[in-house]
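Start from chain A and add chain B according to the hints.
There are 2 protein chains.
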Amino acid sequence: MQTLYRADFEAMERRYRATFFNTLSGYKSISLVGTASAQPNLAIFNSVFHVGANPAALGLVFRPDTVERHTLNNILDQGRYTINHITPAFFRQAHQTSAKYPAQVSEFEACGLTPVFREGNPAPYVGESPVQIGLSFAERIDIRLNGTIIIVGTITDVSLDTTFVEYDGFVRLEDLGTITSLGLDAYFTTSGLGRLPYARVDNPVI
Amino acid sequence: MQTLYRADFEAMERRYRATFFNTLSGYKSISLVGTASAQPNLAIFNSVFHVGANPAALGLVFRPDTVERHTLNNILDQGRYTINHITPAFFRQAHQTSAKYPAQVSEFEACGLTPVFREGNPAPYVGESPVQIGLSFAERIDIRLNGTIIIVGTITDVSLDTTFVEYDGFVRLEDLGTITSLGLDAYFTTSGLGRLPYARVDNPVI
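So the sequences go chain by chain: A and B. The first sequence begins at 746 in this note's numbering and counts up by one. The second sequence begins at 746 in this note's numbering and counts up by one.
So that you can see chain A by itself, here it is in the shape it has in the complex (with noise of 0.2 Å):
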C-alpha cells in the first residue's frame, strides 16, 4: 500500500487524475434522465442520490464540466423529468447517450431506446427500464468550490413490477437487472452478499 499526497495528485495529468478520483468515490448509481424539448432529451447521470422518503425526493449532481446541460437547462425549464434504472440488456445504447447529440436529434431515436410518456410529465421514460421514476423540481444548489450543482426533486410516480418489493419494501434491483457503475465507463452487475439485520451494541452482527 502506498500513500499519495497533494503533490502527486498535482503532478497527474489531468484526464488521469480525473478518471482516479471518479472512480475512487466507489460504486454509483447508474440512471437515463429523460426531460423534455423540442425533442424528447435522454442523457446517462451517475449522481443520483437518495435525499429522503416524505417527501420522497432524489438529488441529481451536475459537474462543472459536463456536456449535460441540455438536461439542466431542460428541468429548469420544464420542472419535470424522470430517472430510469439501467439493465445489461441496454447499458451500451445508455452509455451512448452521452455522446455529443445536437439539439434537434433525440437520443431516444439516436440510441435505439423507447420513450415512453404518462399522464401529467411531458418528460419521457425510458420504455426499456424496470424501474421508471417520475420527478418535479423542488431546489437547486450551488456550490460553491467548484461550481457543482445539486437538482433536487420530489418523486411523483414510480413504475416497476411490485412482485420485486420485499414484505418491508426493500425494491430487490438485483433481480430486476439494475446495473451499478465506476468512473464514467464502467459498468457492473452484483451478487449479494446479504441483507443485516439492524446493528444493536447488545446484539452484534459480527
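All copies of an identical chain are treated as equivalent in the list; a pair is satisfied when it fits inside any one copy or across any two copies.
Here are the simulated SDA-like cross-link-like pairs (lysine to any residue), alpha carbons at most 20 Å apart as the crow flies:
1. Lys845 with Leu929
2. Lys845 with Leu941
3. Lys845 with Asn818
4. Lys845 with Ser782
5. Lys845 with Pro949
Just so you know, these hints were derived from the structure itself, not from any lab. In this text the structure is predicted, and so the values were computed from the model without any measurement.
Frame of chain A, contents of chain B only:
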C-alpha cells in the same frame, strides 16, 4: 409493471416507505468514515459522492433522521476525517458500527477494526480497508427541503496498492474488493460488464 403515485406513497407504512425509496435510488458507495474525538470514532455511510478531481473533493450526505451526528460534529470540530472502502472480509463489522454506541466507546474496539493514524491527521483510518482516504473539511451545505446536510471535503491523501491503478487512472475496485450497497442493510460484490469507449456521435458503441 404497475405505477404508484403520491397517494400510494402516503399510504405506505413509515418504515416501508423509507426502505422503498432508499433502495429505489439505486446502488451506492459504502464506506467507513473515521473521525477524532475523545475516542476514535467510526461510522458507516452510503452517501459518499464524487464532487471533483481538481481540487479532489468528495461529498458526504447527512440525512436529518440519522444517528450519525457524532461524525458530523467531529468533522465540524476537527476539520479532518477519513473515508475507507469496505470489503466482504469485514462488511459485518462495518455494518455493526451503525449501532448506537455511547460516546465513550470506540466503534473500532467494539466492532473489531483497527485504527491507523497518518501524520497530520487526527482522524483514524481503517487498517483493514484497501482504500483509505484522508479529507479536510471545505464546505457545509444545508438542503432546505428536509434538513439534509452535505459536507464537502477536499482529499489530502489516498492510500492503496497502486498496482490496481490502470494506465489511465482507473482504480480496479472490483479487484481491490470494494463492495457496493443498497438501502440501509444490503451489501453486494460486483462483476464487470466492461468499460466502454468514450461515446461519439459518429462511432456509436451500440
